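As you go down the protein sequences, you meet chains A and B in turn.
With full-length UniProt numbering, the residue at position 40 of the first sequence is 40, and numbering never jumps.
With full-length UniProt numbering, the residue at position 111 of the second sequence is 111, and numbering never jumps.
Hints are computed from structural coordinates only; laboratory data are not their basis.
It is possible that part of the hints are untrue.
Since the list gives no way to pick one copy over another, a pair counts as held whenever it fits inside one copy or between any two copies.
As the list claims (entries may be wrong) - Distance condition first, Cα-Cα at most 20 Å in a straight line; then the derived EDC-like pairs of lysine to aspartate or glutamate:
1. LYS21 <-> ASP250
2. LYS21 <-> ASP173
3. LYS189 <-> GLU205
4. LYS12 <-> GLU196
5. LYS12 <-> GLU248
6. LYS150 <-> ASP104
7. LYS21 <-> GLU172
8. LYS21 <-> GLU119
9. LYS150 <-> GLU229
10. LYS189 <-> ASP148
11. LYS21 <-> GLU206
12. LYS150 <-> GLU206
Keep in mind the model is a prediction, meaning the values are calculated, not measured.
Number of protein chains: 2
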Amino acid sequence: MVGSSSGEKQPKYQRIADTLKAAIDSGEYRAGDRLPGENDLMDAYGVARMTARQALGVLQSEGIAEARRGAGVFVRDFRPLRRRGIQRLAQGQWGSGRSIWSADIDNRSLLVDQVSVTERGAPEHVARVLGVDPGEPMCVRHRRFVLDGKPVLLSTSYLPAGLVAGTAITREDTGPGGTYARLAEIGAKPVHFREEVRSRMPSGEEGARLELSAGTPVILICRTAFADEGQVVELNEMILDAASYVLEYDFDA
Amino acid sequence: MVGSSSGEKQPKYQRIADTLKAAIDSGEYRAGDRLPGENDLMDAYGVARMTARQALGVLQSEGIAEARRGAGVFVRDFRPLRRRGIQRLAQGQWGSGRSIWSADIDNRSLLVDQVSVTERGAPEHVARVLGVDPGEPMCVRHRRFVLDGKPVLLSTSYLPAGLVAGTAITREDTGPGGTYARLAEIGAKPVHFREEVRSRMPSGEEGARLELSAGTPVILICRTAFADEGQVVELNEMILDAASYVLEYDFDA
Chain A
1 MVGSSSGEKQ PKYQRIADTL KAAIDSGEYR AGDRLPGEND LMDAYGVARM TARQALGVLQ
61 SEGIAEARRG AGVFVRDFRP LRRRGIQRLA QGQWGSGRSI WSADIDNRSL LVDQVSVTER
121 GAPEHVARVL GVDPGEPMCV RHRRFVLDGK PVLLSTSYLP AGLVAGTAIT REDTGPGGTY
181 ARLAEIGAKP VHFREEVRSR MPSGEEGARL ELSAGTPVIL ICRTAFADEG QVVELNEMIL
241 DAASYVLEYD FDA
Chain B
1 MVGSSSGEKQ PKYQRIADTL KAAIDSGEYR AGDRLPGEND LMDAYGVARM TARQALGVLQ
61 SEGIAEARRG AGVFVRDFRP LRRRGIQRLA QGQWGSGRSI WSADIDNRSL LVDQVSVTER
121 GAPEHVARVL GVDPGEPMCV RHRRFVLDGK PVLLSTSYLP AGLVAGTAIT REDTGPGGTY
181 ARLAEIGAKP VHFREEVRSR MPSGEEGARL ELSAGTPVIL ICRTAFADEG QVVELNEMIL
241 DAASYVLEYD FDA
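Okay, chain A solo, but in the shape it has when bound (with noise of 0.2 Å):
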């Protein structure tokens, strides 16, 4: 979008990085293909073993490359998942029974990980979400997401203990539908969402668990689900890896 600048200003290793992007956005590199390495571009441009290092590492910062130990760096293979945001909320999705996951997978494998279903007093920005006084028993319900074998979001749900009691939604399988559809069987459906998104570099432990390579960002979603008469029944904070994701929305003027 931003074209490179040029000129003769420019350091060096900045040239031989904007080189090999020319080479990657014309296709003579691939996704998962493997970048020439620190001697083959001190032969091809003359330079000092650093300048070459400096070069792999713009494309490794800016998410476009990767290193792989002890084989190279290597075009990054950004195959994201679609995140259509409204339509996979849709009634009509976990309506049916249906889990929100499969309208973003296609026909790739999905694990659900590390999860965990526990009874904790709410945090203080949950609390003023749910309009409730902090420490009020919630029902937290951890995940983790892992596609095609590589992990790509972390979830935790807020739900009020009281609200959810005696449910499917304090076990770890919520059942046909999921959550939504539990709620909708003890008056509580979901009618309005509200979606937050940000973006920032990861914790270590979120980089860890999301098994993220160096220079990659995080998108954070906080999703509120309302009730009739905007009542919160859920707060779901997603972690998401951001180099697996497209979220789209599409909407009417």
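With chain A held as given, fit chain B onto it using these hints.
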């Protein structure tokens, strides 16, 4: 959302970083406050300078704090723009002559600079979305948005040159209600939008134009505007300073 891991095995710098983060969360240090310096941390924790530096580095790489040259490390003053993706594009907004931006900024001071309007051939990815041949003439509008003195967004719009010829869309000032109001006047009123959201680390040039501090990703929004019968009338590629934005999407189930 994801708690900090603890335990004996954590490196010292990580434990110090966690303590600082807890102090920020508790409000002991607020946005804009200076954090303890390397010397302070060395004294307080009995650690070497490198350990103190690493601890402060963790907060910077997570985007929680930023270094100001010669002055120390400060809690980042995150006062994000709340960009209501759907409401801001409602016809009632631009149809009444207001700019889409006025919905986002409350009473803050907005400057639009680096404006250029040129005619260029459609790049391949643009041609694909607009359903034209690559190289087809496009009206290309570049702009940068600066809020309270801080660049927050780079925008590039592509519109078919033949469609918008002779309208104010080809001029720097598009007039009341902007591009969408002008499109409506020539019978190409946008009735539907699609926004695709991604995140990655900025290129060097993007970082410079947005004046990003280290450890700040960009959010990319690619918006497609559809007129009646699905005709694409505009593709708008935006690059946002992730530290300056919360994107909000509100919709019914």
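We went through each hint and held it up to the structure:
1. Taking the shortest Cα distances, LYS21 and ASP250 never come within 20 Å of each other, neither inside one copy (31 Å) nor across copies (37 Å).
2. For the homomeric pair LYS21 and ASP173, neither the shortest alpha-carbon distance inside one copy (45 Å) nor that between copies (34 Å) is at most 20 Å.
3. When the C-alpha separation of LYS189 and GLU205 is checked against a cutoff of 20 Å, the pair qualifies neither within a copy, at 34 Å, nor between copies, at 47 Å.
4. With identical chains, the CA atoms of LYS12 and GLU196 are never at most 20 Å apart, being 41 Å at best within one copy and 34 Å at best between copies.
5. For the identical chains of this complex, LYS12 and GLU248 are neighbours neither inside a copy (38 Å) nor across copies (41 Å), given an alpha-carbon limit of 20 Å.
6. Taking the closest pair of Cα atoms, LYS150 and ASP104 come within 20 Å of each other only inside a single copy of the chain (15 Å); across copies the shortest separation is 36 Å, beyond that limit.
7. Proximity of LYS21 to GLU172 under the C-alpha cut-off of 20 Å is found in neither arrangement, the shortest distances being 45 Å within a copy and 31 Å between copies.
8. Proximity of LYS21 and GLU119 under a CA criterion of 20 Å is satisfied in neither setting, with 49 Å inside one chain copy and 25 Å between copies.
9. In the homo-oligomer, the alpha carbons of LYS150 and GLU229 never lie at most 20 Å apart, since the shortest distance is 39 Å inside one protomer and 39 Å across protomers.
10. Taking the closest pair of Cα atoms, LYS189 and ASP148 never come within 20 Å of each other, the shortest separation being 32 Å inside a single copy and 42 Å across copies.
11. For the homomeric pair LYS21 and GLU206, the shortest alpha-carbon distance between copies (15 Å) is at most 20 Å, but the shortest distance inside one copy (29 Å) is not.
12. Taking CA atoms no more than 20 Å apart as the test, LYS150 paired with GLU206 passes inside one copy only; the shortest distance there is 14 Å, against 29 Å between copies.
Figure legend: structure checked against the earlier numbered hints; hints not met, in rising order: 1, 2, 3, 4, 5, 7, 8, 9, 10.
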